[in-house]
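Engineer: Next come the chains, spelled out residue by residue.
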Amino acid sequence: MDENRENRFMKYLRKDRLPHIFCAGCGNGIVMNTFFNGMEMAEVDFEKVVMVSGIGCSSRIPGYVKCDSLHTTHGRPISFATGIKLANPENEVVVFTGDGDAAAIGGNHLIHGARRNINITVICINNSIYGMTGGQISPTSPKGSYGSTAPYGALERPFKLSEMVKAAGATYVARWTTAQPVQLSNAIKKALKNKGFSFIEVMSQCPTYFGRKNKMRSPIEMLKWMKEESIVKRRADKLSAEELEGKIIVGEFQNKEEPEFSDKVCQLLEAQCTTGKPSSTRSAFEGD
Amino acid sequence: MVDFMITVDENLCKGCNICTEFCPRKVYQESGVLNKKGVHVPVPENEDKCTQCQLCALMCPDQAIKVDEKVDEKDDK
Numbered sequence: 001m002d003e004n005r006e007n008r009f010m011k012y013l014r015k016d017r018l019p020h021i022f023c024a025g026c027g028n029g030i031v032m033n034t035f036f037n038g039m040e041m042a043e044v045d046f047e048k049v050v051m052v053s054g055i056g057c058s059s060r061i062p063g064y065v066k067c068d069s070l071h072t073t074h075g076r077p078i079s080f081a082t083g084i085k086l087a088n089p090e091n092e093v094v095v096f097t098g099d100g101d102a103a104a105i106g107g108n109h110l111i112h113g114a115r116r117n118i119n120i121t122v123i124c125i126n127n128s129i130y131g132m133t134g135g136q137i138s139p140t141s142p143k144g145s146y147g148s149t150a151p152y153g154a155l156e157r158p159f160k161l162s163e164m165v166k167a168a169g170a171t172y173v174a175r176w177t178t179a180q181p182v183q184l185s186n187a188i189k190k191a192l193k194n195k196g197f198s199f200i201e202v203m204s205q206c207p208t209y210f211g212r213k214n215k216m217r218s219p220i221e222m223l224k225w226m227k228e229e230s231i232v233k234r235r236a237d238k239l240s241a242e243e244l245e246g247k248i249i250v251g252e253f254q255n256k257e258e259p260e261f262s263d264k265v266c267q268l269l270e271a272q273c274t275t276g277k278p279s280s281t282r283s284a285f286e287g288d
Numbered sequence: 289m290v291d292f293m294i295t296v297d298e299n300l301c302k303g304c305n306i307c308t309e310f311c312p313r314k315v316y317q318e319s320g321v322l323n324k325k326g327v328h329v330p331v332p333e334n335e336d337k338c339t340q341c342q343l344c345a346l347m348c349p350d351q352a353i354k355v356d357e358k359v360d361e362k363d364d365k
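Protein sequence lines, in the order shown, are assigned to chains A and B. My numbering numbers the first residue of the first sequence as 1 and each following residue consecutively. My numbering numbers the first residue of the second sequence as 289 and each following residue consecutively.
Here's a subset of chain B near chain A, in silico, CB distances under 7 Å, partners left out: (1) Thr295; (2) Leu300; (3) Lys302; (4) Leu346; (5) Met347.
No lab work stands behind these hints: they were computed from the structure. Every residue, glycine too, gets a C-beta built ideally from N, C-alpha and C.
Please model the entire structure based on the sequences and the hints provided.
Structural biologist: Shown next, in the form of structure tokens:
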């Protein structure tokens, strides 16, 4: 196709791999668009972006993007991202992860990344179900929702990922849905600019599994549902827990400044190289 | 004005029709015929109503939509 008849984000994508593997109407494509939009707004150098992902539908995104990317083991993208960031703090490390990846198997890596406050951006695409493996209930499935492992409705309480990461010490936390792409782009812009652990939870649609099991067969129905059920945090703070039942609270949960981990490591190294005696750093190894 | 302000790439579109539903000015319409991939590709029927808010380009999960700046015919040359 003619170059100037293509979508404006096509310059970031590996064209030979398109169209991508996602189902028709999947939210992952919208998250890709909003990420590029947010990246353009934050004026991040695309050459320095490193994308890391784990396992899952959403974790296939870095494979379609024309940048350095790493497809890692299930649940561990934040650990790999920590290594990439510390090896070269110049890199802009972005983790694309799903709810099964970040909340279920990688829950510990997520909270410890937040505790460490390392300067990476985690975009968690939360579709409330295990979409890749056949629609099993995930830790973020709403109470009462149906899945292939919950034919009578999920009994458990879901994880509130944004609240959890905020409590673990992240410095930028926001939740938006794919039905609000403009607000989501702004949140991604802020997250990329934030120096510290930034976490964005994107409530996304999975029409193939979540939609089909929960009587919302088309992506349009799912997007409308998310748009209707979402409530801005400022308004949600005034409502009681009963009124918020089944609602998706969107907005900015945390935005603060705190010392960042890779800076601390660099300062330590610098101090050791200039003031610390080389013998003192070596003695730790010699003691073995 | 050029006659092809909005382009929908038929090779990329999967026919989810998010654009037909979420366009604030209802520019798109679902086509009645299937293309060679078996997809109802949306058609920008009411292109003159478009305000270039770019919401469709941002919400298209398959990066299939391109919305151009309006170009006058005399500037085109």
